[in-house]
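**Student:** One letter stands for each residue in the lines below.
Protein chains: 2
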Amino acid sequence: MGYESAWLSYKENHTLKIPWNGSKIYADTWGKTIEAAVTELQRAVKEICGMDMGITGQEEEAGILLKKEQDNALGEEGYKIQCRDGRLTVTSQGEKGLLYGSFACIRMLQTKEEFSAEEKTEKPSAPLRMLNHWDNMDGSIERGYSGNSFFFEDNKILVNERTRDYARLAASVGINGVVINNVNVKDRATWLIDEVYQKELQRMSEIFETYGIQLFLSLNFAAPMELGNLDSADPCKEAVQQWWNDKMQELYTRLPNLGGFLVKADSEGRPGPFTYGRTHADGANMLADAVAPYHGKIIWRCFVYNCQQDWRDRKTDRARSGYDNFRPLDGQFRENVILQVKNGPMDFQVREPVSPLFGGMEKTNEMLEVQIAQEYTGQQRHVCYLIPMFQEVLKFRTYCQEDRDTVEDIVTGKTMGNTNCGIAAVINTGNDENWTGHDLAAANFFGFGRLCFNTSLSAEEIAKEWIVCTFGHDREVQEKILQMLMMSWKTYEKYTSPLGIGWMVNPNYHYGPNVDGYEYDRWGTYHRADHLGMGVCRGKKGTGYAQQYREPNASMYENVQTCPEELLLFFHYVPYTYQLKTGKTMIQHIYDTHFEGAEEAAYMADLWDSLEGKIETKVFERVQKRLAHQKEHAKEWRDQINSYFYRKSMIPDEKHRTIY
Amino acid sequence: MGYESAWLSYKENHTLKIPWNGSKIYADTWGKTIEAAVTELQRAVKEICGMDMGITGQEEEAGILLKKEQDNALGEEGYKIQCRDGRLTVTSQGEKGLLYGSFACIRMLQTKEEFSAEEKTEKPSAPLRMLNHWDNMDGSIERGYSGNSFFFEDNKILVNERTRDYARLAASVGINGVVINNVNVKDRATWLIDEVYQKELQRMSEIFETYGIQLFLSLNFAAPMELGNLDSADPCKEAVQQWWNDKMQELYTRLPNLGGFLVKADSEGRPGPFTYGRTHADGANMLADAVAPYHGKIIWRCFVYNCQQDWRDRKTDRARSGYDNFRPLDGQFRENVILQVKNGPMDFQVREPVSPLFGGMEKTNEMLEVQIAQEYTGQQRHVCYLIPMFQEVLKFRTYCQEDRDTVEDIVTGKTMGNTNCGIAAVINTGNDENWTGHDLAAANFFGFGRLCFNTSLSAEEIAKEWIVCTFGHDREVQEKILQMLMMSWKTYEKYTSPLGIGWMVNPNYHYGPNVDGYEYDRWGTYHRADHLGMGVCRGKKGTGYAQQYREPNASMYENVQTCPEELLLFFHYVPYTYQLKTGKTMIQHIYDTHFEGAEEAAYMADLWDSLEGKIETKVFERVQKRLAHQKEHAKEWRDQINSYFYRKSMIPDEKHRTIY
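In the order they appear, the protein sequences are chains A and B.
Heads up: the first sequence is residues 1 to 660, going by the UniProt record's numbering.
Heads up: the second sequence is residues 1 to 660, going by the UniProt record's numbering.
I should point out that these hints are in silico values taken from the structure, not numbers from a laboratory.
In this text the structure is predicted, and so the values were computed from the model without any measurement.
One or more hints might be untrue.
Note that the list lumps identical chains together, so a pair holds whenever it fits in one copy or between two copies.
Claimed, not checked - List of simulated lysine to aspartate or glutamate pairs, DMTMM-like, C-alpha gap at most 25 Å:
| hint | residue 1 | residue 2 |
| --- | --- | --- |
| 1 | Lys67 | Glu35 |
| 2 | Lys584 | Asp530 |
| 3 | Lys635 | Asp187 |
| 4 | Lys237 | Glu335 |
| 5 | Lys655 | Asp313 |
| 6 | Lys395 | Glu35 |
| 7 | Lys315 | Glu632 |
| 8 | Lys655 | Glu460 |
| 9 | Lys80 | Glu632 |
| 10 | Lys199 | Glu335 |
| 11 | Lys315 | Glu636 |
| 12 | Lys655 | Asp530 |
| 13 | Lys631 | Asp310 |
| 14 | Lys635 | Asp530 |
Model the full assembly from the supplied sequences, consistent with the hints where possible.
**Tutor:** In structure tokens:
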């Protein structure tokens, strides 16, 4: 299947003033990543400026220079860009820094940003900047909305031109780690660590390495039983430890670029240390010890909760479970273990509070896990630019210490001075021609990488970059798409579930409105709406979840007056007549936001329609179709949610609009 | 896979007084059906009485005699049984009558009914007594809850010993027609009328014929396009008519026992005459003309409705659609067309009014379609003996004429004096060891056949017969199982959706509670519950559905006072505080019936448990497991329904029981 170049589709721009002299590139050292950097520069300069750049061994005659230089402040991944006297110089201590610097120069060409004589220095914010693919070996993708996997097909590993182009896209925004298989490791995927797949993995890993990306795999904790002949996977049994030690030695011999492993254990039916009465620390440390000799990392997911809950039970609270499970283990994990924590305590809803595990753990490495696959935020059929949400999460103060206490500080290593930390995203790619199903969803892939690399960039700056790289320099196109992206998350929030309560979706699919869809189910996801009001009491008199935060957050959430209103129903049951700070009642807020949200969805469709002729027809029509669906689907959301609450409360809309 | 004999598992009973002399059977004519009758008698007498019955050509020395005799009152399927002077004589005009008479004698042996010197005459009530299998050619069964198909596997037709034993079971209760494939005819099933499958169909058809059963097939209306090279399936095009004529000539040459075809057209996505601007009559008549030379029948389903409805629309009413679509065509159908009408206007809910098409059509052959697969009535995991429901339907007076106006009269031919009429059931069998998943569900298969054969039998009489044939003569076993069967439908109704409103099930699966499951969907199936009340207004001020009935039914349903209360919410929106004839409010009725229903489910489980040791262990445990599930599941139904309505109405339970 053919595919497109996304934001690396360079647009010819011969009016661009080339800031360097001559047409030669010089590199003072060579290696496969530098070679890739040079090739990328050649290709971009050729396509954008129409200039063929040759390679020279003579520094003096070069217009573009890649120079390796000892500079601990920059590190292996940071870089300096300077353009002086007709020479554009990229400097780094490592090959990866030179590659990132080269992609930065290309982006500057794409966006017509001026090259300055002053040194422009950049160093990635998050040490680990990872993509998690939930790709299955049969080629399907769990929660994938843009076609099938380009890593797997019929239980075979695919390594081809698309693998390279994927790596180019990822590297261009600074991604340095990729987990290629689903965290739910079943059937053939368990065998990914077996010999049978190592040849293909080797080839894939080499491509990744060229682009500065470490290959990671998701592991099946029960592998010693399923692959080995062991009758147990007990992490405290010597035979099990030995099996893993041997397995890792075998793997790392063949795959030296293996970054490590991602593990979902004792969660939603996956096996784990609980089976043997062991802790998550026991489980993670056993694996960590096995990979330590090879500098491998174990990324252990904290998405652990009771998924066999009784809806009648108002004591058990799924939101509590991450903290309840992991907080007692703080300090017990090895240095090369990283806990991967979802941004919120539930599961990628359009609005959640930040997980109290951030700031709750003081002596444990943590990664932030976000999801750009839009499982609950429109599944790449609705526009939902998520970078503003991720920024809110990063800026959240945990009060774990006096300063450097935000989620950003924690996952970038500023809080504890650690380097085994970072940010991971469940990625939204598939083998669709445009990689992400919805063309505008590519902004999330691009934006995620850019944000991890430089957390000080604003969501708007990132969006602008992406738009220009993808659609070029037409001002109207830029402004309108920027407006669409920047409004999209709030718009989606408006016409879906209100005030942080979440989960009003069709079970399993997680798409489309269904207010009671999860209300009487086993997943611990309830709104508790009755005739008088709605919401879950998570304060001291309720489940006590709010007390998992440090002060003053705990008190802020505990108190209905100080609880941020966008999370009101997450923390409090309030009557429909409860007055919000806007002066509106809660029920009127629901009606108003749902009417507004549906109108905004229609407005976005209109904005796009007005760009006809300014955007490549194929792309224009692809997006137009999705926006038309979003517009209709937003009405369905509006009407179902409003009707449900009107029928329950019988409180009429003050504005007398039609509610069914 | 092994399988059991269901109600044909004869129990040894040597204390039985054998009413005939000697051990010889005599038949005055021979044919394969008579041969089958003799074989069945030999087998039963051997297994029950321990006596080997030989065959004799000398009438005088026979103890059992099968005699063909001209008797138009009996017809080909009726029979007389008389036992006098040590000779048990079965008489009929046809071979089928002799087979049915022989099975009747066997049943009398099983139930220890006395053979009388008086002539016992029986003639089947319904001319067509059919089973509709929704079996797909890949082996799956649509709405099948007892394993896979025993007719198809991997797009192949299975003909083996089980085919014969299935035919024996069906014939033993008087079934004379079987549609072997799903009414949704897709993919390979379209090819069933092609040459490639005719050899296997021939073999199957011959087995069926031996047991007096005609083979029917479900047709794809678009077959001329999919199998032929035609670019249209327009029933008014000569080429299309010719294609079908040729096809039928080919088919009937090879399959002379073919009874005809069942057609689902222009329904739920199936193709039909509407595509060409033609009527159902045009479509049905074209096929009828093609099969007429071979005495074939076209059974045309009336399950036609808009399945892309907007839930906001309160004008369109799915319940109206059968009548609206077919009533204008009354009198336009050929003599060999039969309209097959579901018992209710919706779709096999636990409680529905009778379809107004019964009595609504005056000059059209009609078949009643019921479903014993329990799609919406517990899916053969809950006990739900449906014969009482079918009897209510049959007894319903339509007032289409002064007398002989019941549904029974219509489908047995008494109303119009026709013979192309009858009753069909969507059957509940699969390749499970016990045929029907739930052992007690076999009572519905048995009972359906018995009821069609003799509509004057009571549900209780039928249940008693089945229990003795299946479980033997233990009095406690008989009484307790009878109690379970007789209470089961009402019990199921109590803990599921109340007062005739239906549809509070999980979408697609149709199992388990989900009050809003279909409320905001496209299927035209709504309860319209709000804070004040619930129900659909189907009177003159509403959708007008009630007016499709003849008087006095129309007025009875129109008036909330005279509307039967079990259908109250089907016809009327009433407030939760509406007082029922019991003096209870509607909401209190919901609470009470749901508590009662769950208690009754628990009671049934207890009843069964008390039979331990009296029933074969394997069977006992199989049923015990399902009853335990039913008991728990009934609680889930109770709690979800009660909580939903409590949360909506906030009217407390008068008895202060726990509602969540």
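**Student:** Since the copies are identical, ignore which copy is meant and state whether Lys635 and Asp187 lie within 25 Å (CA to CA) inside a copy, between copies, both or neither.
**Tutor:** Classified as neither: same-chain Cα gap 41 Å, cross-chain 36 Å, threshold 25 Å.
**Student:** Is the C-alpha distance from Lys655 to Asp313 at most 25 Å within one copy, between copies, in both cases, or in neither?
**Tutor:** Answer is between; shortest inter-copy Cα gap is 22 Å, intra-copy 38 Å.
**Student:** Reference check for the pair Lys237 and Glu335, CA-CA at most 25 Å: within, between, both, or neither?
**Tutor:** Answer is within: at 21 Å inside a copy they meet the 25 Å cutoff, but 79 Å across does not.
**Student:** Using 25 Å as the alpha carbon limit, work out where Lys80 and Glu632 are close: within a copy, between copies, both or neither.
**Tutor:** neither (48 Å within a copy, 67 Å between copies)
**Student:** Since the copies are identical, ignore which copy is meant and state whether Lys631 and Asp310 lie within 25 Å (CA to CA) inside a copy, between copies, both or neither.
**Tutor:** between (36 Å within a copy, 16 Å between copies)
**Student:** As a check of your reading, is Lys635 near Asp530 (CA-CA no more than 25 Å) within one copy, between copies, both or neither?
**Tutor:** both (24 Å within a copy, 21 Å between copies)
**Student:** As a check of your reading, is Lys315 near Glu636 (CA-CA no more than 25 Å) within one copy, between copies, both or neither?
**Tutor:** between (33 Å within a copy, 19 Å between copies)
**Student:** Please work out whether the CA atoms of Lys199 and Glu335 approach to 25 Å or closer within one copy, between two copies, in both situations, or in neither?
**Tutor:** Neither. Shortest intra-copy (30 Å) and inter-copy (71 Å) distances fail the 25 Å Cα cut-off.
**Student:** As a check of your reading, is Lys395 near Glu35 (CA-CA no more than 25 Å) within one copy, between copies, both or neither?
**Tutor:** Close neither inside one copy (37 Å) nor across copies (87 Å); limit 25 Å.
**Student:** Check Lys584 against Asp530 for me: Cα-Cα at most 25 Å, and say if that holds within a copy, between copies, both or neither.
**Tutor:** both (20 Å within a copy, 23 Å between copies)
**Student:** Checking Lys655 and Asp530: alpha-carbon separation at most 25 Å within a copy, between copies, both or neither?
**Tutor:** Both: 23 Å inside a copy, 20 Å across copies.
**Student:** Evaluate Lys67 and Glu35 at a C-alpha cut-off of 25 Å and name the case that applies: within, between, both or neither.
**Tutor:** within (13 Å within a copy, 98 Å between copies)
Comparing the model with each numbered hint stated earlier shows that hints 3, 6, 8, 9 and 10 do not hold.
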